[in-house]
Amino acid sequence: MSAHSVTEPSPASKWIAGILVGLYAVITLIPLIWIISTSFKSGPDSISYPPKVVFQPTLEGYVNLFTTQSRASVEDLAKLPAPTTWYDKITRERGMIISGPSRFGQRFLNSVIIGFGSTFLSIFLGTLAAYAFSRFKVPLKDDLLFFILSTRMMPPIAVAIPIYLMFRQLGLSDTHLGMILLYTAVNLSLSVWLLKGFIDEIPREYEEAALIDGYTRFQAFYKVVLPQAATGIASTAIFCLIFAWNEYAFAVLLTSGNAQTAPPFIPTILSVGGGIDWPAVAAAATLFLLPVIIFTVLLRKHLLRGITFGAVRK
Amino acid sequence: MTDTPADRLARATPQPVARRIRGLSDRAIAWIFVAPTIFLLLSVNIFPLIWTIRLSFTNFAANKPNAEVKWVGLRNYTRILTDADTWANMQTTAHFLIWTITFQVLIGFSLAWLINRKFKGNDLVTTLIVIPMMLSPAVVGNFWTFLYQPQIGLVNYAVEFLTGIPADSFSMLGPGGWARWAIVIVDTWMWTPFVMLICLAGLRSIPDYIYEAAEVDRASKWRQFWTITLPMALPFLMLAVLFRGIENFRMFDLVVLLTGGGPGNETLLASIDLKREAFEKWRTGYSSAYAIVLFVTVFGLASIYVKALNKVKER
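From first to last, the protein sequence lines are chains A and B.
Take our numbering: the last position of the first sequence gets the number 314, and nothing is skipped along the way.
Take our numbering: the last position of the second sequence gets the number 315, and nothing is skipped along the way.
FYI, nobody ran anything at the bench for these hints, they're computed from the structure.
One or more of the hints may lead you astray.
[To be verified] The calculated SDA-like cross-link candidates involving lysine to any residue, where the alpha carbons are at most 20 Å apart (straight line), are:
| no. | chain 1 | residue 1 | chain 2 | residue 2 |
| --- | --- | --- | --- | --- |
| 1 | A | Lys14 | B | Lys120 |
| 2 | B | Lys281 | B | Asn66 |
| 3 | B | Lys313 | A | Thr308 |
| 4 | B | Lys118 | A | Ile202 |
| 5 | A | Lys137 | A | Val225 |
| 6 | B | Lys70 | B | Ile292 |
| 7 | A | Lys301 | B | Thr126 |
| 8 | A | Lys141 | B | Leu42 |
| 9 | A | Lys137 | A | Ile202 |
| 10 | A | Lys14 | B | Ile107 |
| 11 | B | Lys307 | A | Phe147 |
| 12 | B | Lys64 | A | Leu165 |
| 13 | A | Lys14 | B | Arg117 |
| 14 | A | Lys89 | A | Phe108 |
| 15 | B | Lys118 | A | Arg300 |
| 16 | B | Lys313 | B | Leu230 |
| 17 | A | Lys301 | B | Ile131 |
| 18 | A | Lys14 | B | Phe225 |
| 19 | B | Lys118 | A | Ile16 |
| 20 | A | Lys14 | B | Lys307 |
| 21 | A | Lys14 | B | Ser220 |
| 22 | A | Lys52 | B | Glu160 |
[Unchecked claim] According to the in silico footprint, chain B covers these stretches of chain A (three or more CB under 8 Å from chain B):
| no. | segment |
| --- | --- |
| 23 | 14-25 |
| 24 | 38-51 |
| 25 | 83-93 |
| 26 | 100-109 |
| 27 | 120-128 |
| 28 | 281-293 |
Note that CB positions come from ideal geometry on N, CA and C, so glycine has one too.
Looking at chain A on its own, in the form it has when it is part of the complex (with noise of 0.2 Å):
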């Protein structure tokens, strides 16, 4: 064994503190396995107590997800040709014929159209902004920059109120349109400050002597500065479009069908009809929250800078 400094860590301090940590691990995502696993399990496995550990795999909970179902009785079922497809094959199983596609198709589509949507708007403007911030002599900068955080300060109903008045006024509310702008406008104060800070780190005698070759600003900007800085890019984009792809309280309050987003759209599963479909319901979590889990392993190395607005840098 090698010598230890004396602020390393001892080996057994280092074994007990592994185990601690990864028991955390391993309650804190039993529930996310447990609705993973739910998703699975067929009707009566997802409501069976003591909860089934074991149980034979399923995609009845996808296909009802993705579609309406009617009941049909044993003779009409007999009557039918045979099923062509194995989503027919399992609706059939249960006595249910397929009818057409669910809604949450299209919410999930609606949800991938403002996420990018905004994404996109949000990290356009604010590279733009952040670039001028970080450059330039700008008059009130300091004003400026604290402004656009502290609009994250405010409760979303506080301004929801006006926005849903305003929104009307414009023909917004429940458009696609009227979501990107509003989303973009809430992740712009996180891109315009994460953003700055990654602009901060590339040294300025790249432009310089860009700007001394005859470049352009603009050339300067986007053929120096925006290659150098396409990593910090790439991981504000994720944060803003995770932010997107979750937000809740203003779907709720200003789409209702056209532009409705999954997260508004997921609860409305509970209440369909009498039994609660747990299998359906839990394969739109799983399907909602595959995506944003890559996401969170791919952006590990800058996840604390992200969430604290740039404040941590590590």
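Chain B: place on chain A using the hints.
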């Protein structure tokens, strides 16, 4: 490639003059770059805020846009501040705020302190632990409702398994006083990693030589913790508390989906009450005043707190 006259002039002139011309256009660029952001923020944040202030002095109702709008002065504000329900909601909010922050700080700091021992695989475990805080509160609220189901839920089963209390004898979200703790548990589950991450940054910012000096002085580990580790990580810890405090004061999504404010009014946080007033009872004027009261409260508390934080940092 755009080649404006200014550029040509800039190239033709000797360096100092060229720089001055570019300096002039820099200012223009700065404005072009900043203006759209400021414009959007003004129109989606400041303009609505001013509108809210204006509405708060009226009896306007958004579901009756054609009804006559009367100027009622401070009546909305006096009603809110003298209403016993408001104070009850504030207490519910305070209960939620104090307990979530207490648990998150205790668990989050302990985790960070343990992870800082840099055991094998600590990066992987850290990534796994932070997953909950990145998820959608709407979906989290939704699936915790499932876990809290009295007959079939995992939480009740776990309680029965560990303590022997029958699983169907209590309901976390139903009557019986558990609901206000149920929301604290879910928020703690979701946001402890946030506090942990910031604390970890704080602990990692402490330079090794301070501990080395303490060892030379034969300070015990216990003493080192109280005189070095904690004070030096404190500004970070306080920053985490500030973020969580602001977020939980305006908490809406998670709790509205878990309990909707119920049972009765047991978990009726201020912002859920505000949503009811504004979008269910359509008392727009009244709820605008309510929103302003909440905003001023959070802003005031946050500024006092930031002053304290800066003092700690200066030490």
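Quiz item: Within a Cα-Cα threshold of 20 Å, do Lys89 of chain A and Phe108 of chain A meet the stated pairing?
Solution: Since the Cα atoms of Lys89 of chain A and Phe108 of chain A sit roughly 25 Å apart, the hinted pair is violated (cutoff 20 Å).
Quiz item: Keeping to a limit of 20 Å between CA atoms, is the pair of Lys118 of chain B and Ile16 of chain A held or broken?
Solution: Answer holds: Lys118 of chain B to Ile16 of chain A is near 11 Å, not above 20 Å.
Practice problem: Closer than 8 Å, Cβ to Cβ, for at least three residues: run that test on the segment 38-51 of chain A against chain B and report holds or violated. | Solution: Check passed, 7 qualifying residues.
Quiz item: When you check the alpha-carbon spacing of Lys301 of chain A and Thr126 of chain B, does it fall within 20 Å?
Solution: Answer holds: Lys301 of chain A to Thr126 of chain B is near 11 Å, not above 20 Å.
Quiz item: Under the criterion that the straight-line Cα-Cα distance not exceed 20 Å, is the pair Lys14 of chain A, Lys120 of chain B satisfied?
Solution: Answer holds: Lys14 of chain A to Lys120 of chain B is near 8 Å, not above 20 Å.
Exercise. Check, residue by residue, whether the segment 14-25 of chain A contains three or more positions whose beta-carbon lies closer than 8 Å to a beta-carbon of chain B, and give the verdict.
Key: holds (count 9)
Quiz prompt | Restraint status (C-alpha distance of Lys307 of chain B to Phe147 of chain A at most 20 Å) | solution = Holds, because 18 Å separates the two Cα atoms, which is no more than 20 Å.
Quiz prompt | Hint consistency between Lys118 of chain B and Arg300 of chain A [alpha-carbon to alpha-carbon, up to 20 Å] | solution = 16 Å, holds
Quiz item: Between Lys141 of chain A and Leu42 of chain B, is the straight-line Cα distance small enough, at 20 Å or below?
Solution: Holds. Lys141 of chain A to Leu42 of chain B sits at ~16 Å (cutoff 20 Å).
Practice problem: With a C-beta cutoff of 8 Å, work out whether three or more residues of the segment 100-109 of chain A approach chain B closely enough for the coverage to hold. | Solution: This one is violated; 0 residues, fewer than the three required, reach chain B with a Cβ under 8 Å.
Quiz prompt | Pair hint Lys313 of chain B and Leu230 of chain B, alpha-carbon separation not exceeding 20 Å | solution = 13 Å, holds
Quiz item: Between Lys313 of chain B and Thr308 of chain A, does the CA-CA distance stay at or below 20 Å?
Solution: 17 Å, holds
In terms of the numbered hints stated before, the structure departs from hints 4, 14, 20, 25 and 26, listed from lowest to highest.
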